[in-house]
Amino acid sequence: MYETKILIAGAGPTGLTLAVDLARRQVPFRLVDAAAAPFGGSRGKGIQPRTLEVFDDLGVVDEILAAGAPYPKFRIHIGPLSVRTGSLGSTKRASEGVPYPNLWMVPQFHTEAILRKRLTALGGAVEFGKGVETFSQDQHGVEALLSNGEKVRAEFMVGCDGGHSTVRKMLKVRLEGESIDETAMHVADLEVAGLGRRDWHLWPFAKGGFVALCPLPNTSLFQLTSVAAERGIEEAVWRATGYRVQRVAWSSVYRPAVRMVDRYRVGRVFLAGDAAHVHPPTGGQGLNTGVQDAYNLGWKLAHVVRGGPDSLLDSYQAERLPVAAAVLGLSKRLLQTRSIRRSDATNQLALHYRASPLASGVRVGDMHPGDRMPDTRLADGSRLFHHLRGSHATELLTPEGNRILIRPDGYIAQIGPTPSEEYAGEKVLAVRR
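In short: position in the sequence shown from 1, add 15, done, that's the numbering used here.
By construction, these hints were calculated from the structure, which means they are not laboratory data.
Here the structure is a predicted model, which means the values were calculated and not measured.
From the three backbone atoms N, C-alpha and C, an ideal C-beta is built for every residue, glycine too.
Honestly, I wouldn't trust all of these hints.
Claimed, not checked - The list that follows gives simulated cross-link-like pairs (lysine-lysine, DSS-like), each with its CA atoms no further than 25 angstroms apart:
hint, residue 1, residue 2
1, 184, 166
2, 187, 166
3, 222, 88
4, 20, 166
5, 107, 88
6, 20, 442
7, 187, 20
8, 132, 20
What the hints assert, rightly or not - Label-pair distances were calculated between CB atoms; the ranges are:
hint, residue 1, residue 2, range
9, 132, 337, 31 to 39 angstroms
10, 277, 154, 21 to 29 angstroms
11, 112, 348, 21 to 29 angstroms
12, 213, 413, 44 to 52 angstroms
13, 263, 109, 36 to 44 angstroms
14, 344, 447, 38 to 46 angstroms
15, 163, 93, 51 to 59 angstroms
16, 136, 340, 31 to 39 angstroms
Based on the provided sequences and hints, a complete structural model is requested.
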């Protein structure tokens, strides 16, 4: 039987983010996935500004930016006419507090490949073809049986295994919520002959239902979303658009729904990402919320397996469950109103943990304990985010004499006069504003 600290089930963006965070903290883990090979589709393609900040800290933001592009404008086709209109993304300039202000489009298979490369550089790996079949837990740990017959004993397990999560089902935790539309939606990655790649093409009144084709950056593919593919994707695209599909690289069918669990932790087992909350694609929230689940949990697991208090892990549910509920509500509204308006809510920069048991102290200006710490220029001319990179906590000394203690995940833990040398087992780096 193999002994490890953390067993991660599922190697999508959520599981990979958690593995990268644990690897850089030198916490032993195993990352297993039931699939025989990496996911080859682009189900989630929108990377929100807050997630770009997470990827900055994890050391992959330059590759993510290079692999993607800003969101294109829509081109609406109605009969022989076409009109170019707005975009889901924005074209804001970077500011002192927000270095990555715009929604960025990256095919999911590229995002996962970049995270796997980073994981390899840190000494980790994904074990494909090894799904969690069953498991049991006691007060000391979790024992899991993998699909290859191997037994694994770990101190904790995290289910990052998607909307059909085996881990969640074995915990007997239900996804509660509702279907938004019973109409089957088709999503696929296609090569389409002759279609321009400048715009996101929409045929809203196509016979049989709307068809949309979005060019995926740095590929030859378009992402199809349609309700008109019952007779086959190729025929649906031809009938709606007059363009021929050369190749279908990947396809899937789903029904838009908003569902989530009522708890993120059962004993020594945690849920994260789509295993805990299922989103419609509107607003590009699902992948991002999963990445930030993992980013919230990683440093806490690292502290506890090194001997820190187990109670720290309870803050994971206390902080992330309300966020998932708020984001699901936002996704539902965007789907029902068909809105393309974006704000700090959709880009996830406004999410906070002010009600967390880990937040204490006084407000300074617009900043509260529990808020995301914005970037800023320091007294020596450097940027605060440069100093936040890594597994440590950071303390910002302000000219007013306040000390802002910043958690390893970039949120404000405390504002007050008392200096800190250690936080959650991590060294505190002091910098001056």
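- Holds or violated: residue 20 with residue 442, Cα cutoff 25 angstroms? At roughly 21 angstroms apart (the allowed maximum being 25 angstroms), residue 442 and residue 20 satisfy the hint.
- Can you let me know if the beta-carbon spacing of residue 163 and residue 93 is within 51 to 59 angstroms? Holds, since residue 163 and residue 93 (Cβ atoms, about 53 angstroms apart) stay within the stated range.
- Query: Given a hinted range of 36 to 44 angstroms, is it respected by the beta-carbon distance of residue 263 and residue 109?
  - Reply: holds (38 angstroms)
- Message: Tell me if the straight-line CA distance from residue 20 to residue 166 falls inside 25 angstroms.
- Response: holds (14 angstroms)
- Query: Between residue 107 and residue 88, is the straight-line Cα distance small enough, at 25 angstroms or below?
  - Reply: Holds. Residue 107 to residue 88 sits at ~15 angstroms (cutoff 25 angstroms).
- Message: Can you confirm whether the C-alpha distance between residue 132 and residue 20 stays at or below 25 angstroms?
- Response: holds (22 angstroms)
- Query: That 21 to 29 angstroms hint for residue 112 and residue 348 (C-beta), does it hold up?
  - Reply: holds (26 angstroms)
- Message: Quick check on a hinted range of 31 to 39 angstroms for residue 132 and residue 337, using CB atoms only.
- Response: holds (33 angstroms)
- Could you grab the alpha-carbon distance between residue 187 and residue 20 and see if it respects the 25 angstroms cut-off? holds (24 angstroms)
- Item | Holds or violated: residue 222 to residue 88, with C-alpha atoms at most 25 angstroms apart | Roughly 23 angstroms separates the two Cα atoms, so the pair holds.
- Query: Do the Cβ positions of residue 136 and residue 340 conform to the proposed distance bound of 31 to 39 angstroms?
  - Reply: Distance hint for residue 136, residue 340 holds at roughly 36 angstroms.
- Message: For a C-alpha distance cap of 25 angstroms, please report whether residue 187 and residue 166 respect it.
- Response: holds (21 angstroms)
The structure fails none of the hints (numbered hints given earlier).
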